[in-house]
Amino acid sequence: MLRHSHTAVIARNEVWAGSAETEPYEAGWAREAVVFITTLSSSGLAEGNRAARVQISPDGMRWVDEGSKLDVPAQTDGVSVARVRHFGNWLRVVSEMPAASRAAVLVTLHLK
Amino acid sequence: MNVLTHAPTAADLLQTLRLAQPALSRFDPLPRIISLDDFNRGSCGFVQLIGNYEGSLDSMLPEYAGFRAPMISTLSHWDTGSQGAMGGDYALKLATRAEAGAQSVAIKRLTFRKRAPIRLEFYFTFKPEASEMRLSEADVRSFGFLLDLQTGDTDSDGARVMPHLRFLNASNGQHAQRWQFKRRSKAVHKLGTEDKVVSHFHLSEDDWEDLAGGGQRLCYNEIPTKVNWHYVCFDFDLQTMQATGLRCNDRVFDLGASHDCIRLPAMPNLWCMLNLAFFIEADSAKRAFLYLDGVCLSGAL
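So the protein lines, in turn, are chains A and B. Just so you know, we're using our numbering here: the first sequence kicks off at 801 and counts up by one. Just so you know, we're using our numbering here: the second sequence kicks off at 3 and counts up by one.
With the rest of the complex left out, here is chain B:
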């Protein structure tokens, strides 16, 4: 037990109250809880990412067309039944099609009210579909997350900023097991005829760069139907629009000089945007699954 050696401060009391609340005690949030998602309560605002379009769905960039809707899952497997989630029966599940390179993306769309530090924390696990009685540890290419941000409408440094991070689990059937980031994206395309809608595909296989010192071996376990939950914490400062920290389980990674985000000119209708998204990608002709149980977004007061 921790024993205070000083008169308790407001921060001490807040920390104690949070530790007494199981839903929060597994996170290390900043003072303001912006959202705390427990998927026993439904999908909590996470929906499939859709590409922009105008006039017809056919105008959507083709890369977006294959994304699938997230679902509420009990992590049910053919050999053991429902594992359930980390804290209850249900987790949010993203599933790809059974095709190498297929992706699935779930996004939650918010806006921010203050340019201050924010922290994204979540518990996750990923697996391929258990369609073979093999270890299958290299059938998931990657999972990752991103923020899609834009400054406020009166800010002098107007920009759209998109930090992307992924764990490259495997590439071409070989274990890779390292964290990567992206600072370049594909060209922005105009859609339709009204000169109002654009789109760019920022999750392509190109332009990922290794994070320095970003190798990490996770707990895949020994068959595809045994899953273990992992923790990630990502810090971002909305004031400077810079990522400031990444942690996965016991490892803290340096987002130092080499790391950056995708940066684009500010776009007309995205002011104060604060989107968070998760994605999963298959590396073989087998569905890849990402499960989330508990997503906490917090910020400075």
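So that you can see chain A by itself, here it is in the shape it has in the complex:
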């Protein structure tokens, strides 16, 4: 049997400024997740900002950093990526945007 593969759009055209997080997403069936952040528009961002990170959770309500960090890309259509394994059941992406910056983002999980 072919293994399952699924792409989930967990944020679409959402504007990140200050603190932001995606909604909890269950993917306990998957062994791996690739997280992409695509910037649709932005201002005040520099490359290498590492403003976003992956979090995991025992219950979808209490969260802990998984350890992966990734940029919120400064350029329109820029893409950043993190690869995650052993995440249990719950995933989300949180960001702490630099002062005076903002970005409209597309955040996707690629699961299999």
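Bear in mind the hints are in silico, worked out from the structure with no lab data behind them. Please note: incorrect hints may appear among the correct ones.
Below are the SDA-like pairs computed for lysine to any residue, each with C-alpha atoms no more than 20 Å apart in a straight line [as the list claims (entries may be wrong)]: (1) K198/B x Q23/B; (2) K198/B x G53/B; (3) K912/A x L32/B; (4) K192/B x H202/B; (5) K912/A x G47/B; (6) K110/B x H806/A; (7) K912/A x G44/B; (8) K110/B x D40/B; (9) K912/A x R43/B; (10) K116/B x K228/B; (11) K912/A x F887/A; (12) K912/A x S45/B; (13) K188/B x E65/B; (14) K228/B x D859/A; (15) K228/B x H79/B; (16) K912/A x K228/B; (17) K912/A x C46/B; (18) K912/A x G90/B; (19) K110/B x V809/A; (20) K110/B x S901/A; (21) K912/A x T76/B.
With chain A's structure known, arrange chain B on it following the hints.
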């Protein structure tokens, strides 16, 4: 055991074969199985509903922007762990944001090949997020389902028809527990500049009407992390474009003279459309979850 008192007919044999197959024996399908979705096999074509747009995502009607992607869930809870689904580990889960009025919608997009009766059956349960140690029975506003249909391109009665039904669980923090339908929708907006794309928001809180005799008390259970599966069967005739039946568990509701669907002029690119969608809506600042395990769409031969 049922004993036949006549020579078995083709219908008897079909029924017997189906009853011997656990995946089908919990449904009462019409002869043609159009789709039989078991979410142990993935999301089976259900995807988040997205609003139309042209040129930019910013052109999308704002009501659609907050919808979230459905996910495959083990119904995992902080106090009991994974409950699993009705038939296996996994169910399809729709989740709202933690905001009163927030909605989530999952849709499966098909077309039909014959204007004939169809039947939608599914097993469901709904719960609020277990973020408080309270009963929380009125934190989910509603769950529901809809069909989005359009006649064939050569049919003389061209129309887009959208039967909507929801179970209004609570309103403003008070239990309501009744079935409602909708026959009116919001205005259709043109999007972009090419005069090709339109959009209308048909899931607003407005225009829901009570189904006559549509009160029903479901099995919410006693804490937010105990869930029980329920059954719904909805019949629709694609020939007459009329809903013909609604059943939830042991209750059969009359879709008589007072019931109707949202009806719109036929749209240019939707011929023979047969979409089915499910939705969930929060009534408090707490995420609302709808779980589906087993969706069967069947039709007449």
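Hint check results:
Taking the CA atoms of K198/B and Q23/B, the gap is near 47 Å; set against the 20 Å cutoff, the hint is violated. The suggested pairing of K198/B with G53/B holds, with an alpha-carbon distance near 14 Å, which does not exceed 20 Å. Of the supplied pair hints, the one linking K912/A and L32/B is violated, its CA atoms being roughly 35 Å apart against a limit of 20 Å. Restraint check: the Cα-Cα separation between K192/B and H202/B comes to about 9 Å, which is no more than 20 Å; the hinted pair holds.
For the proposed pair K912/A and G47/B, the alpha carbon gap of about 16 Å is at most 20 Å, so the pair holds. Of the pairs offered as hints, the one joining K110/B and H806/A holds, with about 15 Å between alpha carbons and a cut-off of 20 Å not exceeded. For the proposed pair K912/A and G44/B, the alpha carbon gap of about 11 Å is at most 20 Å, so the pair holds. Using a Cα cut-off of 20 Å, the hinted pair K110/B and D40/B holds, with the two alpha carbons roughly 14 Å apart.
Using a Cα cut-off of 20 Å, the hinted pair K912/A and R43/B holds, with the two alpha carbons roughly 13 Å apart. With a C-alpha separation of about 41 Å, the suggested pair K116/B and K228/B falls outside the 20 Å cut-off, and the hint is violated. With a C-alpha separation of about 13 Å, the suggested pairing of K912/A with F887/A holds against the 20 Å cut-off. With a C-alpha separation of about 13 Å, the suggested pair K912/A and S45/B falls inside the 20 Å cut-off, and the hint holds.
Taken as a hint, the K188/B and E65/B pair is honoured in the structure, with Cα atoms around 11 Å apart against an allowance of 20 Å. At roughly 15 Å between alpha-carbon atoms, K228/B and D859/A fall within 20 Å of each other, so this suggested pair holds. Proximity of K228/B to H79/B is assessed by CA-CA distance (about 9 Å); at most 20 Å being required, the pair is judged to hold. Our distance criterion of 20 Å between C-alpha atoms is broken by K912/A and K228/B, whose separation comes to about 29 Å.
Simply put, K912/A and C46/B have alpha-carbon atoms about 15 Å apart, close enough for the 20 Å limit, and the pair holds. Distance check on the hinted pair: K912/A and G90/B sit about 19 Å apart at the alpha-carbon level, within 20 Å; holds. Taken as a hint, the K110/B and V809/A pair is honoured in the structure, with Cα atoms around 16 Å apart against an allowance of 20 Å. This hinted pair does not check out: K110/B and S901/A have alpha carbons roughly 38 Å apart, beyond 20 Å.
The suggested pairing of K912/A with T76/B holds, with an alpha-carbon distance near 16 Å, which does not exceed 20 Å.
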